[in-house]
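Novice: Line by line, the protein sequences are chains A and B.
Residue numbers are given in my numbering: position 159 of the first sequence equals residue 245, and the series is strictly consecutive.
Residue numbers are given in my numbering: position 48 of the second sequence equals residue 134, and the series is strictly consecutive.
Honestly, the hints are just simulated from the structure, not real lab data.
A hint or two may mislead.
A pair counts as met if it fits within one copy or between any two copies, since identical chains are not told apart.
List time: in silico SDA-like cross-link candidates among lysine to any residue, alpha-carbon distance up to 20 Å [claimed, not checked]:
#1 K263 with S391
#2 K263 with N429
#3 K148 with P181
#4 K263 with S392
#5 K263 with P426
There are 2 protein chains.
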Amino acid sequence: MNPPNSPDRTTLRDPLADSPFLRACRREPTPVTPIWLMRQAGRYMPEYREVRARVPFLELCKRPELATEVTVTAAERLGVDAAILFADILLILEPLGFQLEFSRGEGPVIHNPVRAAADVDRVRPLENTEPLDYVFQAVRAIRAALRSDLPLIGFAGAPFTLACYAIEGGSSRHYEKAKTFMYADPSAWDALMGRLVDATAAYLNAQAAAGAQALQLFDSWVGNLSPADYRRFVLPHMARLFSRLDPSVPTIHFGTDTGSLLELQREAGGSVIGLDWRVELDQAWRRLGDGVAVQGNLDPVVLFSSPDEIAAQARRILREAAGRPGHIFNLGHGILPGTPVDNVLALVDVVHSST
Amino acid sequence: MNPPNSPDRTTLRDPLADSPFLRACRREPTPVTPIWLMRQAGRYMPEYREVRARVPFLELCKRPELATEVTVTAAERLGVDAAILFADILLILEPLGFQLEFSRGEGPVIHNPVRAAADVDRVRPLENTEPLDYVFQAVRAIRAALRSDLPLIGFAGAPFTLACYAIEGGSSRHYEKAKTFMYADPSAWDALMGRLVDATAAYLNAQAAAGAQALQLFDSWVGNLSPADYRRFVLPHMARLFSRLDPSVPTIHFGTDTGSLLELQREAGGSVIGLDWRVELDQAWRRLGDGVAVQGNLDPVVLFSSPDEIAAQARRILREAAGRPGHIFNLGHGILPGTPVDNVLALVDVVHSST
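Okay, chain A solo, but in the shape it has when bound (with noise of 0.2 Å):
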């Protein structure tokens, strides 16, 4: 019991820290499931679109007020219990000496990626973040505009996804390039994951050292990797980086087509994993088991259906879920362009009228 006269308990609570969302991060129960979903602020959305007609992608990337117009205005629009910084996970290639485009309708293309052993001495370490200092003052700045009790998720790509992009060059679709590279010289790749992983880890903690609540780590291409493979090439890399982030900061650990490496991406760290819509929340967390929470995992395509359909699939995760603490609601993947808006509102509405 209270002493009289002290300050009520609900009045010392940090707003942000009793947040659904960092709550559920924490496995702790919530009143109700919180959600954000991946690539919120995106081209489906009319005030993105509006934002990107005056502005090249890198450039909105690099000018913080513009980062944090479409940040905030997404989580604001959208009614999720959490926003995440606008920013790309490629970002970080270019303090590394890489050299980065974005090209209408191409993607991103990398000039000079790595193709040889010799390559990977001239991937620069980040002697400081300093390069990428419009991703601080964008986290520093959506801090302040956001609401008190709205978490921000700041984020990084995770070194393989990244190690792809830079030996690939840009997108790819059956990673010939990267696992040659990975399978011809594995000491040369562990020096490149090695230098991926060093620089990541200041990216992050810098992040959350900014402002950013939580850190995602995004291994969107660790997929295609078998699990002997995401043993010897990637785990040992994952559970380096995850060791050398702020511990007082939930992480997530997300990644597509994972369904047979759940157990070692658990291994490799994450206060939270992702999981995409290719497997059942309730058999995939019984497989991860009861110390960590879980993201996920409605197939972003089911927001092109109507509002019954996503009704009824919401709810089937939800019931998968069976209400234990540290669920936090959002699709498998990012939200893809041409996604009616107001099915994504009454997908969070479905989630928030759930109990």
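We have chain A already, so just place chain B on it with the hints.
Specialist: The following block gives chain B in isolation, referenced to the frame of chain A:
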């Protein structure tokens, strides 16, 4: 004991039925693990490219003497344990009323895709398989040309993958149109799948009648579905299809990205379940149970590496199979263009020399 003057037991055996590949389909012991490779007659092979330099892809499929040449050449050159008919999974769509084109560089295009429920009505039933007679002619010619102990595999696309092509009008990354169609009108979807099942059953049974010893269903895209959607939109149709196939002919049920769907695929049917490289063969087989054979599951990109790496990865897979009868070695998906032929030969050699 055989009575005197009776033929030796060996000579009474059917050399085809007694082949390692067909024995493995029946989960009977084999002296060595049989191997064949998806797309073994394909662009990576100079002999194939030479034929293709003379004729467009669709013409190659439709000229039995050329389809025979590339099928038999690949099987003989590689020394594998089965040949697979050279054809394309989309050929069946033509007699159903779809205008199919293989445009250079762009892959297959369907000029009159299904976009609305009403479009399903114009998908013609396959009254008889006569329009696909060129395929059965190829089967007969290949069977006649092959070594008498070398099985020939016929194949078809599975209804979900065909339906995706029919609705998307070509390849797709996220299958928005197909899934949206499926969610929006489950009865139109079921009608479309029903027609595809009927046609595919007739097509595959005719391939077996023409001389194919086994039949593979390629559900290459099904791994993009959540398990709940597979159960609702695919499983009943696949089960009906398998129930319609000649029960004396072994069937291989193949998909990619199916790590979370294996039990459901097993429920649908197939003597052999195809595994891609994203699963560990031993764990996958344990989940599938003893009553089924498995095929797979080397990452096709490993064939771009060195003979040592190929041998190490092939031996890992053979160790996972642990000599249990019923393992057919294969890649987890088709051989990629650009794969060095010598590496494919090295793989066949390492599998055949491991006991």
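Novice: Checked against the structure, which of the hints given earlier come out wrong?
Specialist: Per hint list: zero violations.
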